[in-house]
Each structure stands twice: as structure tokens, then as C-alpha cells.
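Undergrad: Please work from the sequences and hints to get the whole structure.
Residues 76 to 164 in the numbering used here are what the sequence shown spells out, letter by letter.
Please keep in mind that the hints were generated in silico from the structure rather than gathered at the bench. In this text the structure is predicted, and so the values were computed from the model without any measurement. Check the hints yourself; a few may be wrong.
[Stated by the list, open to error] List of simulated lysine to aspartate or glutamate pairs, EDC-like, C-alpha gap at most 20 Å: (1) Lys77 <-> Glu120; (2) Lys81 <-> Asp102; (3) Lys142 <-> Glu89; (4) Lys150 <-> Glu109; (5) Lys155 <-> Asp145.
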Amino acid sequence: MKNCGKKLPPDSEEAMICTFECTFCKDCVEQVLENVCPNCGGGFEKRPVRPRSFLEKNPVSEKVIFKPVDAEKFKIILEKYRDIKPSER
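TA: Here it is, written out as C-alpha cells:
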């Protein structure tokens with residue numbers, strides 16, 4: 076899932092995921108989402124890079140989900156969680 080449409084291939088060092096594996100780029104997580112997942116309210120961590128040696132056996136999904144954040148709906152979630160550490164949400 077992406078807010079800005081930036082490509083985040085399996086070797087991207089800019090990919091961030093929440094506990095439910097919603098994926099956003101680092102810029103969106105820091106500048107737009109303020110480390111609050113718009114879907115679950117959780118925090119984000121750097122997504123691990125999938126080793127190239129496993130890509131043939133375990134290929135990544137070709138499906139890209141582009142879902143820009145609805146600013147009005149997200150405002151409610153952001154205000155609820157932004158000042159609470161992810162481990163305490």
C-alpha cells in the first residue's frame with residue numbers, strides 16, 4: 076500500500092511497514108503519517124530487504140496497491156495516536 080506511488084522494490088531501503096505489513100515510503104511515514112499507520116494506528120519499522128537469493132523461490136507480489144491517505148479520516152487517527160509511543164497504543 077502506498078500513499079505517494081513511490082516504487083518500493085524488495086531491495087528498497089526506503090520501505091517502512093506497520094505490524095499488519097501496510098507499506099509506505101520513509102518520506103510519507105515521517106512527513107505525512109508522523110509514524111501513525113492510517114489503517115491500524117500502529118507505528119512503523121524499516122521493512123527488511125528480501126535477499127536476492129530467495130526471490131526466485133519466493134517472488135514478491137506484482138500487485139501494487141496505490142491508496143492515498145484520506146486526510147479527513149486520517150486526521151482523527153493521527154490526533155488519537157501521534158503523541159503515544161507505538162508500543163503503548
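Undergrad: Each hint should be assessed against the structure and marked as holding or not.
TA: Each hint, compared with the structure:
1. A C-alpha spacing of about 15 Å is found between Lys77 and Glu120, which places the hinted pair at or below 20 Å, so the restraint holds.
2. At roughly 10 Å between alpha-carbon atoms, Lys81 and Asp102 fall within 20 Å of each other, so this suggested pair holds.
3. At most 20 Å may separate the alpha-carbon atoms for a hinted pair to count; Lys142 and Glu89 meet this at roughly 18 Å.
4. With a C-alpha separation of about 11 Å, the suggested pair Lys150 and Glu109 falls inside the 20 Å cut-off, and the hint holds.
5. Between Lys155 and Asp145, the direct Cα distance comes to roughly 16 Å. Compliance with the 20 Å bound is thereby established for this hinted pair.
When held up to the earlier numbered hints, the structure conflicts with none and fits them all.
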